[in-house]
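**Q** Top to bottom, those sequences are chains A and B.
Quick note on our numbering: the first sequence kicks off at 1 and runs consecutively.
Quick note on our numbering: the second sequence kicks off at 1 and runs consecutively.
To be clear, the hints were calculated from the coordinates, so they are not data collected in a lab.
What you were told as hints is all true, and nothing was included just to trick you.
No more than 25 Å apart at the CA atoms, straight line, and that leaves these computed lysine to any residue pairs for SDA-like:
no.	chain 1	residue 1	chain 2	residue 2
1	A	K25	A	N286
2	B	K283	A	I275
3	B	K138	B	S168
4	B	K283	A	E206
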Amino acid sequence: MSDVVLETRDLVKHFPLTKGILFKKQVGAVRAVDGISITLRKGETLGIVGESGCGKSTLAKLLVGLEKPTAGSIVIQGRDTSRLSPAETRRARRNLQLVMQDPYTSLNPRMTVGDIVGEPFEIHTDVIPKSGRRTRVKELLDLVGLNPDHINRYPHQFSGGQRQRIGIARALAVNPEIILCDEPVSALDVSVQAQVVNLLQKLQKELGLSYIFIAHDLSVVRHIANRVGVMYLGKIVEFGSETEIYDHPNHPYTQALLSAVPVPDPTLRGQRAQIVLEGDVPSPANPPSGCRFRTRCWKAQDLCSREEPALIVRDGLGHPSACHFAEERDVTHAVL
Amino acid sequence: MSTTNLIATVDALPGLDPSAPPLAVENLQVEFRTDIGVAKVVNGVTFSVSAGETLAILGESGCGKSVTAQAIMGILDTPPGFVTGGEIRYRGVDLLKLSEQQRRVVRANKIAMIFQDALSALNPVFTVGFQLGELFRKHRGMSRADARKRSIELLDMVKIPAAKDRVSDFPHQFSGGMRQRVMIAMALALDPEVLIADEPTTALDVTVQAQVMQLLAELQAERNMGLILITHDMGVVADVADRISVMYAGRVVEEAPVYDIYANPAHPYTKALLESIPRVDLKGQQLRAIGGLPPALTNLPPGCSFAPRCRYAQDVCRQSPAPQLHTVSPSRGARCHFWQEVIGDE
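Please model the complete structure; the sequences and the hints are all you need to start from.
**A** So this is what it looks like as structure tokens:
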């Protein structure tokens, strides 16, 4: 497909676990990301949801090149990033910028806003000539809804929501086509969250951006994403359009996850299916055999421990899910 | 004085009225005296909770909800925080007038609290068994062996698997959800009549949040305990609360039964909050964000604190005094001059 701007193929990241001080012997590996294939189309928002420890932030680091994959490849606009020269890699990366979770620590407190937002120009010097940079920074501040006259202020003079806007302006500086948002609103208060979500949507429309939106908040992801992947222990267990995932979930984990999200409507109390999972997520250093969700799954049978279910479209279902016993069940709406 | 005697004194305090609510806060005022001025963090907060009832205190960071809880428990950082007025009554007895010793007895036996971050609330260098047992040793004068037995029972009660073995584990050996269970066990150890839960599930994943909330609801029903749930999550509140107090800039701006407030908010802030959250069960329209920011507590605007961000605001809102708590119905109140308009709007 020509409109695919980013693709990963069987992306794997294992962090080695070693023993010994002098002769480090590898005794195992934390399988943080274990075979992820996703495609991002131009102008769409791809949501990745999962609980802490499922590998979604490692996936983000792999995509922006902060970690090297153990196996698999990342293809940005048709170019496999593992086969590029350093200069080419830099140019390819320009197209993919990152907005980070914590607006309090992701901005250097000793730099002015102008320097922070203008810093990408020092690495990507050919984006804009030196003389035009300050004007461009002001334009960017205006674009994200900040007062361009505040260009000489420091991060501490801004509120959390405004700081996240600075982070967004910095990401936009080198005119990327893809923005990777790693939990961009989870550190913000609800009323401010909406401002930032609206801003992201506005920018997408105006600039034709593609987003990868990684978050643990399922409601926010539903609001912003076109397609959604659900991650559990380093793997995608279900993938589909926003409606498919939220209104017609097939994988038991997706169903449990969705049923656990409270809905701000007391009249639905006791009306929704409630699946309360037992126990905690197993360690990614020692994932269960076969299906990784089987230790907490109420449908698990012998087959699940023997054979790992593939992420495929199953009979009678509309979108891919990695469960031998996948079956549609509405858990978000009142059904009882 | 021995502990048992102290409990007896608290049970025989002058003014103790068993028919009064287990916790009532009236016109509470808390100030933080800082270098940049005096911040009125809690500005005349009033509410009460009865046995078996769940009251949610809803608000964003900085609205004063956690400070209210700290003031009730008597664990406010002083300085900079000072309770400058109001009453906090346990069954009619004003806690602010008690000695620190008496308050300590009330704190463990009558009103208990759980915190957002269980890892930092537990002591990392003692086993959970020791920390749980400490309650029974200090407050009930039990022997170590008996206290340990009771600790295991408590861990069982909060559904920690293999409680017998886990009782000798340290806090870092537990997962986040398990730690919060330990906190709940500790808070409920001495059978309090009121439990204050300050953002109990904010640090947890949704599936674990569901487990913990279910456990809290079960224990509350078993003990007919009053629960004050402090949170910013409108979803959690809708699931469990009976009544809600919405706080903004140190004031309760609206209080109402849960069904009324979600169906028909009477304060513009509540209404705006409800419109600004995405829902998991609906593909929503554009979110209606609240413009601007909450005011600095050291420099509150005259009149209504929400007026600068409010789409209903008129000149009268920007003038002192701040709007009174208008009676919307016998069980509801809203601190807004134009509540009738707000409640009538779709």
